[in-house]
Amino acid sequence: MEGERKTGRVGNGVRGIRRGKDRERGQREREIEREREEREREREREREREREREREREREREREERGEREREGERERGERREGERGEREEERGTEGQRDRGRERERERERERERERERA
Numbered sequence: 001m002e003g004e005r006k007t008g009r010v011g012n013g014v015r016g017i018r019r020g021k022d023r024e025r026g027q028r029e030r031e032i033e034r035e036r037e038e039r040e041r042e043r044e045r046e047r048e049r050e051r052e053r054e055r056e057r058e059r060e061r062e063r064e065e066r067g068e069r070e071r072e073g074e075r076e077r078g079e080r081r082e083g084e085r086g087e088r089e090e091e092r093g094t095e096g097q098r099d100r101g102r103e104r105e106r107e108r109e110r111e112r113e114r115e116r117e118r119a
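According to UniProt numbering, the sequence shown is numbered sequentially starting from 1.
In short, the hints are calculated from the structure, not lab data. Built from N, CA and C at the ideal position, the CB exists for glycine as well. Be aware that one or more of the hints could be misleading.
[As the list claims (entries may be wrong)] Derived Cβ-Cβ restraints for the label pairs, each shown as a range: (1) 46 to 24: 29 to 39 Å; (2) 118 to 97: 28 to 38 Å; (3) 30 to 70: 55 to 65 Å; (4) 113 to 75: 50 to 60 Å; (5) 109 to 66: 48 to 58 Å; (6) 54 to 75: 28 to 38 Å; (7) 76 to 113: 49 to 59 Å; (8) 65 to 44: 26 to 36 Å; (9) 62 to 24: 54 to 64 Å.
Generate the whole structure from the sequences, applying the supplied hints.
What follows is the structure in structure tokens.
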């Protein structure tokens, strides 16, 4: 019956048991709270990773578009250059043709010289 009196002398009275249960409950609540916070932080990190992946995909898309535009520009420039090169080659011909052209030109020059000498 001494436990019911709740005097300071009783070591393991009703109060002591109660306090122990409170302490356990408090620890469990704190643990649950810690776990909840940990899950929340993990969710936040996952959202951050997802955002980072999305930004990376966006950058990749921009790089692709820029690359496409540059390749198209190069293709157009290449076609223009190819056209110019074709025109220039038609004008001057290949090495062999140029040599033959010079040879013909010299031949004509000699013919003119002979004509002048005759006249």
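For each hint, the structure was consulted:
Between residue 46 and residue 24 the CB atoms are about 33 Å apart, so this pair conforms to the stated range of 29 to 39 Å. The given range of 28 to 38 Å is respected by residue 118 and residue 97, whose C-beta atoms sit roughly 31 Å from each other. Judged by the Cβ atoms, the range 55 to 65 Å given for residue 30 and residue 70 holds: they are separated by roughly 59 Å. Checked against the given bound of 50 to 60 Å, the beta carbons of residue 113 and residue 75, roughly 52 Å apart, stay inside it.
Between residue 109 and residue 66, the C-beta spacing of about 57 Å keeps the proposed range 48 to 58 Å intact. Hint check: residue 54 to residue 75, Cβ distance near 31 Å, so the stated range 28 to 38 Å holds. Distance hint for residue 76 and residue 113: a CB-CB separation of about 50 Å, consistent with the stated range 49 to 59 Å. Between residue 65 and residue 44, the C-beta spacing of about 32 Å keeps the proposed range 26 to 36 Å intact.
A beta carbon spacing of about 57 Å between residue 62 and residue 24 agrees with the range 54 to 64 Å that was offered as a hint.
Violated hints for the displayed structure: none, as all numbered hints are satisfied.
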